[in-house]
Amino acid sequence: MSKDPILERRSVRRYTAQDVEEKDVRKLLEAGMSAPSAGNERPWHFVVIRDRRTLEGVMEFHPYAKMIKECAGAILVCGDPSLEKYPGFWVQDCSAATENILIMAVQLGLGAVWLGIYPIEERVNGLRKLVGVPDEVVPFSLIPFGHPAEVRKLIDRYDQQRVRLEKW
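Counted from 1, the sequence shown has number 2 at position 2 by my numbering; the numbering is strictly sequential.
What the hints contain is simulated information worked out from the structure, not anything from laboratory work.
Some clues are possibly wrong.
Calculated lysine-lysine pairs in the BS3-like style (CA-CA distance at most 30 Å, straight line) [as the list claims (entries may be wrong)]: (1) Lys69 - Lys23; (2) Lys3 - Lys129; (3) Lys129 - Lys69; (4) Lys23 - Lys167; (5) Lys69 - Lys27; (6) Lys23 - Lys3; (7) Lys129 - Lys167; (8) Lys167 - Lys69; (9) Lys66 - Lys27; (10) Lys153 - Lys23; (11) Lys85 - Lys27; (12) Lys27 - Lys153; (13) Lys129 - Lys66; (14) Lys129 - Lys85; (15) Lys153 - Lys66; (16) Lys27 - Lys167; (17) Lys3 - Lys27.
Just so it is clear, the structure is predicted and the values come from calculations on it, not from any experiment.
My request is simple: use the sequences and hints to build the entire structure.
Okay, structure coming up:
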């Protein structure tokens with residue numbers, strides 16, 4: 001268990017062969033579904049991908065998906081604009097869901113990485129076709145997960161020069 005999963009979160013791209021239990025995958029999904037959303041409309045859907053052939057199919061259209069070969073699985077976060085109360089906010093809502101999943105992975109002792117899908121049309125269409133996402137739903141991000149095979153050094157990322165008080 002992590003002491004501070006937000007500050008300890010790192011993009012993990014190397015995984016062991018150890019499987020991830022379904023109860024932990026459910027916790028990742030619960031974290032995603034607990035994210036805030038505009039108007040509390042929760043315009044998201046999640047596709048859990050465990051099939052090796054399907055996972056490796058992502059590498060055909062996503063140039064940064066090499067870690068897929070080692071991951072235990074991946075969660076595809078999709079946005080459904082038809083579920084929005086406030087048009088255009090589904091991107092922020094799905095970003096919050098994605099980040100919650102990444103933070104929960106740390107809490108569970110897992111590793112994960114955010115692979116950007118939307119707005120790159122080739123990636124959106126590739127995942128739409130690969131896992132059968134309906135036309136009205138948009139593949140947003142893909143989160144490969146697994147037990148980390150690497151321990152990434154913690155870095156203090158706080159930068160006072162990026163902070164303004166009261167006004168710019």
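Hints versus structure:
Using a Cα cut-off of 30 Å, the hinted pair Lys69 and Lys23 holds, with the two alpha carbons roughly 22 Å apart. The suggested pairing of Lys3 with Lys129 is violated, with an alpha-carbon distance near 40 Å, which exceeds 30 Å. Of the pairs offered as hints, the one joining Lys129 and Lys69 holds, with about 20 Å between alpha carbons and a cut-off of 30 Å not exceeded. Among the hinted pairs, Lys23 with Lys167 is inconsistent with the structure: their alpha-carbon atoms are about 46 Å apart, more than 30 Å.
Between Lys69 and Lys27 the alpha-carbon distance is near 23 Å, which keeps this suggested pair within the 30 Å criterion. Between the alpha carbons of Lys23 and Lys3 the distance comes to roughly 21 Å, so the proposed pair stays at or under 30 Å and holds. As the CA atoms of Lys129 and Lys167 are separated by approximately 47 Å, the hinted pair breaks the 30 Å bound. Note on Lys167 and Lys69: the hinted pairing is violated, with a Cα-Cα distance of about 47 Å set against a maximum of 30 Å.
With a CA separation close to 25 Å, the supplied pair Lys66 and Lys27 stays within the 30 Å bound. Simply put, Lys153 and Lys23 have alpha-carbon atoms about 28 Å apart, close enough for the 30 Å limit, and the pair holds. Straight-line distance between C-alpha atoms of Lys85 and Lys27 comes to about 26 Å, which keeps the hinted pair within the 30 Å bound. The suggested pairing of Lys27 with Lys153 holds, with an alpha-carbon distance near 25 Å, which does not exceed 30 Å.
As the CA atoms of Lys129 and Lys66 are separated by approximately 19 Å, the hinted pair is consistent with the 30 Å bound. Restraint check for Lys129 and Lys85: satisfied, since their Cα atoms lie roughly 27 Å apart, inside the 30 Å limit. Straight-line distance between C-alpha atoms of Lys153 and Lys66 comes to about 21 Å, which keeps the hinted pair within the 30 Å bound. Annotation: proposed proximity of Lys27 to Lys167 is violated, straight-line Cα distance about 40 Å (limit 30 Å).
Taking the CA atoms of Lys3 and Lys27, the gap is near 18 Å; set against the 30 Å cutoff, the hint holds.
Figure legend: structure checked against the earlier numbered hints; hints not met, in rising order: 2, 4, 7, 8 and 16.
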